[in-house]
Amino acid sequence: MSGFDAYEIGKRQDFGSHTFTAEEIIAFAKKYDPQSFHLDAEAARDSLYGGLCASGWHTTAIWMKKNLEHRDAWTAQLKAEGKVPPVMGPSPGITNLKWLRPVFAGDSVHYFTTITSKRKLRSKPLWGIIEGHTEGINQNGDKVVCFDNAVLESL
Amino acid sequence: MLENKKYAFEDFTPGTVFHLGPYPVSAEEIIAFASEFDPQPMHLDEDAGKQSLLGGLAASGWHTCCMLMRMMIDSFVLDSASQGAPGVDFVQWKKPVLAGDILHGTSTVLSSRPLQSRPGLGLVQMRQELFNQRDELVAASENPFFVLLRDKGVSS
Chain G
22 MSGFDAYEIG
32 KRQDFGSHTF
42 TAEEIIAFAK
52 KYDPQSFHLD
62 AEAARDSLYG
72 GLCASGWHTT
82 AIWMKKNLEH
92 RDAWTAQLKA
102 EGKVPPVMGP
112 SPGITNLKWL
122 RPVFAGDSVH
132 YFTTITSKRK
142 LRSKPLWGII
152 EGHTEGINQN
162 GDKVVCFDNA
172 VLESL
Chain Z
77 MLENKKYAFE
87 DFTPGTVFHL
97 GPYPVSAEEI
107 IAFASEFDPQ
117 PMHLDEDAGK
127 QSLLGGLAAS
137 GWHTCCMLMR
147 MMIDSFVLDS
157 ASQGAPGVDF
167 VQWKKPVLAG
177 DILHGTSTVL
187 SSRPLQSRPG
197 LGLVQMRQEL
207 FNQRDELVAA
217 SENPFFVLLR
227 DKGVSS
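Chains as they are written, first to last, in the numbering used here: chain G, 22 to 176; chain Z, 77 to 232.
Here chain G stands alone, though its shape is the one from the complex (with noise of 0.2 Å):
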């Protein structure tokens, strides 16, 4: 069995949760996003979002983050099965990006990506694409950020 194969769709993928500290996301900010709201709690509070929160860019980093801890369980379990991983390769981009609820200082947010599609490419034979929804839920249920994801996979 090819790593490919291993990929199951419909398959809900638990990436865990990840709780952003103000220290973090005023770091992230400060590099990448230094709007008022990302980076000082009392010009939040006259915002749109009332509160200190996370650049967007910042919670889908942190998801890349918890992807590649995931995988490399998954990667330690398929070798342990006598199968052979698959090697992630390069992504073709990300569509319907939404954040939907602001991230707070304090949130933790669980990170979950469903496998909706994977096929051969014609142009590369050694490599095939995987899709997927990804939605990240707040500590109260709430759906925070979601994105359709590619990613480039060996065959």
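No wet-lab data here; the hints were simulated from the structure. One or more of the hints may lead you astray.
[What the hints assert, rightly or not] Cβ pair distances, simulated, as ranges: (1) 154(Z) / 138(G): 33 to 41 Å; (2) 26(G) / 131(Z): 37 to 45 Å; (3) 180(Z) / 52(G): 15 to 23 Å; (4) 108(Z) / 127(G): 36 to 44 Å; (5) 192(Z) / 30(G): 37 to 45 Å; (6) 60(G) / 209(Z): 29 to 37 Å; (7) 104(Z) / 29(G): 33 to 41 Å; (8) 163(G) / 211(Z): 39 to 47 Å; (9) 140(G) / 120(Z): 27 to 35 Å; (10) 211(Z) / 33(G): 36 to 44 Å; (11) 95(G) / 108(Z): 35 to 43 Å; (12) 90(G) / 82(Z): 36 to 44 Å; (13) 29(G) / 190(Z): 41 to 49 Å.
Just so you know, even glycine gets a beta-carbon here, dropped at the ideal spot from N, CA and C.
Given chain G, work out where chain Z should sit, using these hints.
Below, chain Z alone, put in the same frame as chain G:
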């Protein structure tokens, strides 16, 4: 302070272009971002990058999104009454962004409308194109963002 902002909703007329960059992409920054958020070999190590489909030490696509955000911040966002974005319709990673590249690009206003549901607030639709120093398109995106109307607290 909104009173000091240069751009309000009324300034984002369709066809308006904001210039982005230049943004030099260093190996150190690629590795620092990848170490924290996307620790795949092609984002961490030159040799591993050369052996990958990306052909060199390449920035994480999420890092490219963050660098694009920073270029937009420095071009017009902090000078505007922006209230953030509800999402992004798409991001296309068209070519690898490699260590040593110098990025530049444009943000173009596609359309705009005041929000009926939130008086004083408008929604502006933007398209971003990011190029490397050879003028090859490396990333493109489209997104809406919220911005206050001038007559609701912004003067110029």
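Structure-based check of each hint:
no.	hint	verdict
1	154(Z) / 138(G): 33 to 41 Å	40 Å, holds
2	26(G) / 131(Z): 37 to 45 Å	28 Å, violated
3	180(Z) / 52(G): 15 to 23 Å	19 Å, holds
4	108(Z) / 127(G): 36 to 44 Å	25 Å, violated
5	192(Z) / 30(G): 37 to 45 Å	40 Å, holds
6	60(G) / 209(Z): 29 to 37 Å	31 Å, holds
7	104(Z) / 29(G): 33 to 41 Å	39 Å, holds
8	163(G) / 211(Z): 39 to 47 Å	43 Å, holds
9	140(G) / 120(Z): 27 to 35 Å	29 Å, holds
10	211(Z) / 33(G): 36 to 44 Å	42 Å, holds
11	95(G) / 108(Z): 35 to 43 Å	26 Å, violated
12	90(G) / 82(Z): 36 to 44 Å	42 Å, holds
13	29(G) / 190(Z): 41 to 49 Å	46 Å, holds
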